[in-house]
Amino acid sequence: MIPAIGLALGIIIGLLLQPAVPLWLQPYLPIAVIAALDAVFGAVRAILDGIFDDKVFVVSFLSNVVVAAFIVFLGDKLGVGAQLSTGVVVVLGVRIFSNVAAIRRHLFNA
Amino acid sequence: MTEAPGSGPGGEASGVPARRPDASMTLLTTMLERPLDPGYAAAADRREAAGMPRATSLRSLRLLVACLLIGLLVGVASYSLTAGNTPRSKARADLIAQIESRRAEVDALTAQASALQAEVAGVESAQLGGDALATRSRDLSAVTGATPLRGPGFVLTVDDAPESGVGESTETGPDEAAQGRVIARDLQYVTNALWEAGAEAVSINGKRLTSTSSIRFAGSAIIIDRRPLTRPYVITALGDPKRFPAAFADGPGGTYLSTLRSTYGVRVDTEVRKDLTVPAAVRLTTRYATTGDTEDASPSATPTPERSPS
Numbered sequence: 212m213i214p215a216i217g218l219a220l221g222i223i224i225g226l227l228l229q230p231a232v233p234l235w236l237q238p239y240l241p242i243a244v245i246a247a248l249d250a251v252f253g254a255v256r257a258i259l260d261g262i263f264d265d266k267v268f269v270v271s272f273l274s275n276v277v278v279a280a281f282i283v284f285l286g287d288k289l290g291v292g293a294q295l296s297t298g299v300v301v302v303l304g305v306r307i308f309s310n311v312a313a314i315r316r317h318l319f320n321a
Numbered sequence: 050m051t052e053a054p055g056s057g058p059g060g061e062a063s064g065v066p067a068r069r070p071d072a073s074m075t076l077l078t079t080m081l082e083r084p085l086d087p088g089y090a091a092a093a094d095r096r097e098a099a100g101m102p103r104a105t106s107l108r109s110l111r112l113l114v115a116c117l118l119i120g121l122l123v124g125v126a127s128y129s130l131t132a133g134n135t136p137r138s139k140a141r142a143d144l145i146a147q148i149e150s151r152r153a154e155v156d157a158l159t160a161q162a163s164a165l166q167a168e169v170a171g172v173e174s175a176q177l178g179g180d181a182l183a184t185r186s187r188d189l190s191a192v193t194g195a196t197p198l199r200g201p202g203f204v205l206t207v208d209d210a211p212e213s214g215v216g217e218s219t220e221t222g223p224d225e226a227a228q229g230r231v232i233a234r235d236l237q238y239v240t241n242a243l244w245e246a247g248a249e250a251v252s253i254n255g256k257r258l259t260s261t262s263s264i265r266f267a268g269s270a271i272i273i274d275r276r277p278l279t280r281p282y283v284i285t286a287l288g289d290p291k292r293f294p295a296a297f298a299d300g301p302g303g304t305y306l307s308t309l310r311s312t313y314g315v316r317v318d319t320e321v322r323k324d325l326t327v328p329a330a331v332r333l334t335t336r337y338a339t340t341g342d343t344e345d346a347s348p349s350a351t352p353t354p355e356r357s358p359s
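Residue numbers (my numbering), protein chains in the order written: chain A, 212 to 321; chain B, 50 to 359.
One or more hints might be untrue.
[Stated by the list, open to error] Estimated spans, in silico, between C-beta atoms of each pair:
| hint | chain 1 | residue 1 | chain 2 | residue 2 | range |
| --- | --- | --- | --- | --- | --- |
| 1 | B | 316 | A | 298 | 23 to 31 Å |
| 2 | B | 339 | A | 234 | 52 to 60 Å |
| 3 | B | 142 | A | 298 | 40 to 48 Å |
| 4 | B | 136 | A | 216 | 13 to 21 Å |
| 5 | B | 142 | A | 228 | 21 to 29 Å |
| 6 | B | 160 | A | 233 | 41 to 49 Å |
| 7 | B | 68 | A | 317 | 54 to 62 Å |
| 8 | B | 157 | A | 216 | 28 to 36 Å |
| 9 | B | 280 | A | 233 | 39 to 47 Å |
| 10 | A | 298 | B | 275 | 47 to 55 Å |
| 11 | B | 136 | A | 317 | 40 to 48 Å |
Hint data in this document are derived by calculation from the structure and do not stem from the laboratory. Note that the structure is predicted; figures quoted are calculated from it, not measured. A virtual CB, placed ideally from N, CA and C, is assigned to each residue, including glycine.
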């Protein structure tokens, strides 16, 4: 319950304050969001599996975002930014999908 | 990302003698089979070994902070990545605002020019009085487009074919979509046919055509005297109500328009009216051509020796 409240509160604050995102940070936003979603779904699955650990969650979220952003940054510098972004999205997307599938099995037994 | 040593794919495979058939695809299989961060399982094992429950409580401060951060990230991203907020759309909005402000400026200056023209005309007629000179001046200014005119005539509305929308041009290819578009040449031809049929004054979308007006193409826009037109193109032509409309319809202009309509689907609508107004032309600059002095006219014939001062 507390994490859900924190999530909702964060979204509301972000939408209300509408902080100006610096231009150099904007390419990383979509990737960061996907990395964060991956961490969130992994955490939900871990909760349902009964092996949740808050420290692992926080560290995995932070490292997911940082590594994804770094890969995109590196790709931009090497001139293959779009391809590397696609790679990151594919990997994280597959993980999100299978985690959601596991969550679905837990919740609906189907 | 936060793998405990020994729990990764390499540690798992070690000690297993039989090679898996898909061993060459370890990257794919680990990605597909082990989507959950192995760190969770490792941490749970550690806690179990220490005699604690496998899962930690959800009531922890750092969990709340992390969730807050994720929510903030999602909120900020959803706000700043929506269509209206990206830098590109901002630049576009800036450009549109600039165009609109400049257009308003042009409109204001045009209105000022028309007012000044009317003033000039008033002063002129007051000075000239009612004699033959004034009549001649009036006739001439009517012909050249210096004064607004009012009288019978007809309104010709020409518009692109219904299916040649601007948005579709990318799908059907420029050539195909352009088939049903009205182009500058159509307007040129129609206005020339109007003059030929005996029009006394012609205006397109409220812009008076004079003997020095130009109808041209700039990209995909039709411009008249360097001002762009937007469809539909409303051509107002004044002329003798008895002869002029019939003369136009029977002449080359009418034939041209009916060909446009039947071949390309261009929409053409003609309406004869008794009382129409045509505004005065805004730009009435006369251009002079002057002959040069004989000396200037043939500078190369007599080169420098004579002119050198010393």
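Each hint tested on the structure:
1. Range check, residue 316 (chain B) to residue 298 (chain A): Cβ separation about 51 Å, and the 23 to 31 Å hint is violated.
2. In this structure, residue 339 (chain B) and residue 234 (chain A) meet the distance hint of 52 to 60 Å, their C-beta atoms being roughly 56 Å apart.
3. Checked against the hint of 40 to 48 Å, the C-beta distance between residue 142 (chain B) and residue 298 (chain A) comes to roughly 34 Å, which is inconsistent with it.
4. Range check, residue 136 (chain B) to residue 216 (chain A): Cβ separation about 34 Å, and the 13 to 21 Å hint is violated.
5. Between residue 142 (chain B) and residue 228 (chain A) the CB atoms are about 22 Å apart, so this pair conforms to the stated range of 21 to 29 Å.
6. A hinted range of 41 to 49 Å holds for the C-beta pair residue 160 (chain B) and residue 233 (chain A), which are about 44 Å apart.
7. Our hint of 54 to 62 Å for residue 68 (chain B) and residue 317 (chain A) is violated, since their Cβ atoms are close to 33 Å apart.
8. A hinted range of 28 to 36 Å is violated for the C-beta pair residue 157 (chain B) and residue 216 (chain A), which are about 56 Å apart.
9. Between residue 280 (chain B) and residue 233 (chain A) the beta carbon distance is about 42 Å. The supplied range of 39 to 47 Å therefore holds.
10. Range check, residue 298 (chain A) to residue 275 (chain B): Cβ separation about 51 Å, and the 47 to 55 Å hint holds.
11. Between residue 136 (chain B) and residue 317 (chain A), the C-beta spacing of about 42 Å keeps the proposed range 40 to 48 Å intact.
Hints 1, 3, 4, 7, 8 from the earlier list are contradicted by this structure; the remaining hints agree with it.
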